[in-house]
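Visitor: Sequence:
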Amino acid sequence: MIDLNENSDSCANDSSSSNLNLREIAMEIDQEIDKNKTKIRKRVFWSIEIIFNDYEEALKSLGKKWTKLKTHPTNTGIKEYYKCAVNPKCPSKMHLHCLIDSQHVNMLRDQEEHDHNLIISPKRLRNDVKERIIYHFSIKVTAPLNIIYNLRKEGESTINYKQFYEWCKENAIFPKEDNKAFVVSYEVNTRLSRISDQNIKKELSADIYKYVDSKHRFWYEGAAISYPSTNNALESTNNNIKNKHTFRLRENVSHFLHNCINMIETWNFDRFDPIDSIKKFQEFPEVYGELWKNVDEFISLEPKIKYLKDFNLYLVATNDITEEKFGLVFDTIECEMNNCVCYYENFDFKEFVELNNNVLRVKLNMSQWEMSSCTCRDYLKDNICVHTIVVSVRKKLVKMNFCFNPIGYNKKRGPKPKSGLWNDR
Numbered sequence: 001m002i003d004l005n006e007n008s009d010s011c012a013n014d015s016s017s018s019n020l021n022l023r024e025i026a027m028e029i030d031q032e033i034d035k036n037k038t039k040i041r042k043r044v045f046w047s048i049e050i051i052f053n054d055y056e057e058a059l060k061s062l063g064k065k066w067t068k069l070k071t072h073p074t075n076t077g078i079k080e081y082y083k084c085a086v087n088p089k090c091p092s093k094m095h096l097h098c099l100i101d102s103q104h105v106n107m108l109r110d111q112e113e114h115d116h117n118l119i120i121s122p123k124r125l126r127n128d129v130k131e132r133i134i135y136h137f138s139i140k141v142t143a144p145l146n147i148i149y150n151l152r153k154e155g156e157s158t159i160n161y162k163q164f165y166e167w168c169k170e171n172a173i174f175p176k177e178d179n180k181a182f183v184v185s186y187e188v189n190t191r192l193s194r195i196s197d198q199n200i201k202k203e204l205s206a207d208i209y210k211y212v213d214s215k216h217r218f219w220y221e222g223a224a225i226s227y228p229s230t231n232n233a234l235e236s237t238n239n240n241i242k243n244k245h246t247f248r249l250r251e252n253v254s255h256f257l258h259n260c261i262n263m264i265e266t267w268n269f270d271r272f273d274p275i276d277s278i279k280k281f282q283e284f285p286e287v288y289g290e291l292w293k294n295v296d297e298f299i300s301l302e303p304k305i306k307y308l309k310d311f312n313l314y315l316v317a318t319n320d321i322t323e324e325k326f327g328l329v330f331d332t333i334e335c336e337m338n339n340c341v342c343y344y345e346n347f348d349f350k351e352f353v354e355l356n357n358n359v360l361r362v363k364l365n366m367s368q369w370e371m372s373s374c375t376c377r378d379y380l381k382d383n384i385c386v387h388t389i390v391v392s393v394r395k396k397l398v399k400m401n402f403c404f405n406p407i408g409y410n411k412k413r414g415p416k417p418k419s420g421l422w423n424d425r
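Mapping the sequence shown onto UniProt numbering, position 405 (from 1) lands on 405, and the numbers just tick up by one.
Be aware that a few hints might be false.
Here are the simulated DSS-like cross-link-like pairs (lysine-lysine), alpha carbons at most 27 Å apart as the crow flies [to be verified]:
1. Lys68 with Lys83
2. Lys304 with Lys293
3. Lys65 with Lys79
4. Lys79 with Lys244
5. Lys79 with Lys242
6. Lys70 with Lys60
7. Lys396 with Lys309
8. Lys381 with Lys293
9. Lys162 with Lys68
10. Lys396 with Lys304
11. Lys93 with Lys64
12. Lys162 with Lys64
13. Lys83 with Lys93
14. Lys162 with Lys130
15. Lys396 with Lys293
16. Lys304 with Lys395
17. Lys306 with Lys325
18. Lys89 with Lys68
19. Lys381 with Lys304
20. Lys89 with Lys130
21. Lys395 with Lys325
22. Lys79 with Lys93
23. Lys381 with Lys396
24. Lys83 with Lys65
To be clear, the hints were calculated from the coordinates, so they are not data collected in a lab.
Given the sequences, and given the hints that come with them, work out the whole structure.
Guide: Laid out in structure tokens, this is it:
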């Protein structure tokens, strides 16, 4: 006989087990569907951790612990967001809030703590895979990447910072004598002569022409003592600040102070046309017609010019200056050369300024008279003055230019026509 109860129980157990399996499959499907759904953004709660005095102090405190992600401008200031630099998978984040109405910078942290134990999945081949491939090559089993792995046996293809630093330290040559420092150009030229690559030579010659032999060098502010300020230089500097640093936006105090260092260090050449060529500046100061007229008037006054051979200086003064004042200027120059301040006892400040304004010192450049120097106020402003031109004319380095004289005309011969009545035509 067949036991129906037993068969019924076994069928019930089979049906229950099948129901459990279907339930597990349904739960797995639901989980997969939930993964594909758009996730709700997690709310981040920021809290102030540190308040810094300025932006520089905030950057120094970060060091190499944080990596910058993005910058977000707001109505209250600029926010710079950072993530942990130790482990890319670390959930900890923070941002710097640069206040627009203050120099202070706030450092805000989220509620996540640092977790550096997270395993970073390697993007390259694992070591065991590399060893397996090398083993196959050793038994003459080739693959498309055989060349790469054969090269790896010979050594690394790149150099790290430590190896580069050690190489520079071993190959650094410092001159033991002071005179050896003056032959650096010779050493550079001899080593450059060994270069056979034409592209490198072309680039080097272009750099030398651009930064050494060009006419536009030393035109910017602060390049040399007594070099004149030009409007083009000032405007190009302002344009450079707007385009490359502030981006024509109003910045807060902390950001602007931080950018000031880069503004000073990254002077650039003036660009003025679509092909981005360099604007050429004058090589010598311009001598205009009115200046030649002032030179002619000064020569007509018969000025006194004395040459000091020991100092290679010309003393220029008007005709009413006595020999005693020339002697005082000579004594003053001797004191300056010997680092002596004894002339302080003989002059007060007003007398000293008056003496230097009446007797001017001209340093003449025999090869390029336009580059001569003077101690008058006109030279400090225009880089050329009447006194340098007068001395150059006296030494026959340049001829007098009478372009300031008005151009006359010859009268017509014969009697002048008489004017008739207004109604007689």
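Visitor: Output the numbers, in ascending order, of every earlier hint that fails for this structure.
Guide: The structure conflicts with no hint, since it agrees with every one listed earlier.
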